[in-house]
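A.B. asks: Sequence:
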Amino acid sequence: MPENLNIEELNLRSEEVQEILTNPPAWIVRWGITLIFMFTIIILALSFMIKYPDFVTAKVIVTTERPTERIVARYSGALDYIYIENGDTVKVGQRMAIIRNTANTRDVYFLKSILDTLPLKSSGLIFPIGLTSNLILGDIETAYINFEKSYVDYSLLKDLDPYTNQLSGNRQSLAEIKLRLKDQIKQKQVLEQEYELEKKDFERHQKLYEKGVISEQEFETKKLEFLQMEKNISTMAISISQMREAISSAGQTLKSTQINKQEDDTRFLANLSQAYNTLKKAIRDWEHTYVLSSSIEGVASFQEFWGTNQFINSGEVVFSILPTDKSTLVGKLTIPSQNAGKVTLNQKVLVKLDNFPYQQYGTLSGKVKNISISPDKEENYFVYISLPSGTMTSYNRELPFDQELLGNAEIITEDLSVAERIFYKFKDIFKY
271 MPENLNIEEL
281 NLRSEEVQEI
291 LTNPPAWIVR
301 WGITLIFMFT
311 IIILALSFMI
321 KYPDFVTAKV
331 IVTTERPTER
341 IVARYSGALD
351 YIYIENGDTV
361 KVGQRMAIIR
371 NTANTRDVYF
381 LKSILDTLPL
391 KSSGLIFPIG
401 LTSNLILGDI
411 ETAYINFEKS
421 YVDYSLLKDL
431 DPYTNQLSGN
441 RQSLAEIKLR
451 LKDQIKQKQV
461 LEQEYELEKK
471 DFERHQKLYE
481 KGVISEQEFE
491 TKKLEFLQME
501 KNISTMAISI
511 SQMREAISSA
521 GQTLKSTQIN
531 KQEDDTRFLA
541 NLSQAYNTLK
551 KAIRDWEHTY
561 VLSSSIEGVA
571 SFQEFWGTNQ
581 FINSGEVVFS
591 ILPTDKSTLV
601 GKLTIPSQNA
611 GKVTLNQKVL
621 VKLDNFPYQQ
631 YGTLSGKVKN
641 ISISPDKEEN
651 YFVYISLPSG
661 TMTSYNRELP
671 FDQELLGNAE
681 IITEDLSVAE
691 RIFYKFKDIF
701 KY
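Offset between the sequence shown (1-based) and my numbering: plus 270.
To be clear, the hints were calculated from the coordinates, so they are not data collected in a lab. A few of these clues could be false.
Subject to a maximum C-alpha distance of 30 Å in a straight line, what follows is the list of computed DSS-like cross-link-like pairs (lysine-lysine) [said to hold, decoys possible]:
1) Lys481 <-> Lys458
2) Lys448 <-> Lys531
3) Lys525 <-> Lys456
4) Lys622 <-> Lys602
5) Lys458 <-> Lys501
6) Lys470 <-> Lys481
7) Lys469 <-> Lys428
Restraint ranges, calculated between C-beta atoms of paired labels, are given here [to be verified]:
8) Pro658 <-> Arg344: 36 to 42 Å
9) Glu533 <-> Glu335: 21 to 27 Å
10) Asp672 <-> Thr578: 22 to 28 Å
11) Glu335 <-> Ile306: 31 to 37 Å
12) Lys428 <-> Ile331: 29 to 35 Å
13) Lys428 <-> Glu466: 55 to 61 Å
Being a predicted model, the structure only gives us computed values, none of them experimental. Cβ coordinates follow ideal geometry from the N, Cα and C atoms, glycine included.
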């Protein structure tokens, strides 16, 4: 009996459901189609409004426009001095550490300070040899010995001045010869006058001899006197010629001495200048090899926990210097060659930093500013992006920048909507 009731109830419900299905209410038919149509229109509209851009992803490092300087050891050895602490602000050329070597650091910089305050001039150099003769200079020792020898040679040449006395003697000798020549010329003029008188006297005796007034012996005596006068004039002329030759020789000797003096002055000064520059270069080479210094102004960061007497290898990065000018930031990307063709200038870039999760802090906005022309050995291209808003994120949060930031960059190569992506193939068909 109960089973029959259940069957009747089931049949009753089935008929009611069947009646509803076969005869739905009019409002469902009227509004249901409208709602479906409106829902379809909304989906289509959103598909055109919602953007689904095409990305090229790459690793990025955010740094200052002037890149971070990495101080690399150029010599393997133990650290002798460390002058800074981690996080200190350093200036251009500031010493940060020194690698142990055979020179005494204080002695080297004492010598360097002297050379910097006593520049070599055309007039020479006054160098305090007594203060530097006992310095421990290590690799610079050879250059210093050559400089010391050149300086001593030049100083002796200037102090003793051997050519001054020689030039003075040559000038005095030349003046005396010229004075004797002047006297000889006067004597010759007197002899010439006497010769003219003697000649007239001889001509008179010759006429008297021809007339027989005087004897032949007396005429011959007068003739001998006349010939002796001619001989004296000839001897005087030879003496004057010798005097002139002596003057020419003395003038040549004086000029030769002047030339030798000029040559020695020039040669010794050139040797001193060469030794001076070689010594300064040796100091620069010593600093380049053993001294770790900054070439920019910035904040120093230790790559490891360094300490005195700790050994470092050549080529190892010891310090990093982050420039103090953080006003302009750039990003450096490396992209593979298969995606490089999509990247063009001024494309928008989204930067997601590893240091600051983008879900919490937001992303940085950038633009492509430069693309390398050719790939590197690994067939990658370098892309540089600018960050106009600096470290201001999409969530309006200013991120602190006290170190280089690593992350991922997404270069928006084509800003397509969802509808454009759905009908992308149809667009290509219509295009062709």
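A.B. asks: Keeping to a limit of 30 Å between CA atoms, is the pair of Lys525 and Lys456 held or broken?
C.D. replies: Holds, at about 28 Å.
A.B. asks: Are Glu533 and Glu335 spaced within 21 to 27 Å by their CB atoms?
C.D. replies: 55 Å, violated
A.B. asks: For Lys448 and Lys531, compute the direct alpha-carbon distance and say whether it is at most 30 Å.
C.D. replies: Given pair Lys448, Lys531 holds - Cα atoms ~24 Å apart, limit 30 Å.
A.B. asks: Using the beta carbons of Lys428 and Glu466, state whether their distance is inside 55 to 61 Å or not.
C.D. replies: 59 Å, holds
A.B. asks: Could you check the hint for me, namely that Glu335 and Ile306 are 31 to 37 Å apart, CB to CB?
C.D. replies: 57 Å, violated
A.B. asks: Does the beta carbon distance between Asp672 and Thr578 stay inside 22 to 28 Å, or does it fall outside?
C.D. replies: With a Cβ separation near 27 Å, Asp672 and Thr578 satisfy 22 to 28 Å, so the hint holds.
A.B. asks: Given the hint that Lys470 pairs with Lys481, does the C-alpha gap stay at or below 30 Å?
C.D. replies: Roughly 17 Å between the alpha carbons, so the hint for Lys470 and Lys481 holds.
A.B. asks: Does Lys602 lie within 30 Å of Lys622 when you go C-alpha to C-alpha?
C.D. replies: 13 Å, holds
A.B. asks: Just to be sure I understand the hint, the distance between the Cβ atoms of Lys428 and Ile331 should be within 29 to 35 Å; is that true here?
C.D. replies: 60 Å, violated
A.B. asks: Take the C-alpha atoms of Lys481 and Lys458, compute the straight-line distance between them, and say whether it is at most 30 Å.
C.D. replies: 34 Å, violated
A.B. asks: Is it true that the C-beta distance of Pro658 to Arg344 lies inside 36 to 42 Å, as the hint says?
C.D. replies: 38 Å, holds
A.B. asks: Are the Cα positions of Lys458 and Lys501 separated by 30 Å at most?
C.D. replies: Since the Cα atoms of Lys458 and Lys501 sit roughly 12 Å apart, the hinted pair holds (cutoff 30 Å).
Against the hints set out earlier in the document, violations occur for numbers 1, 7, 9, 11, 12.
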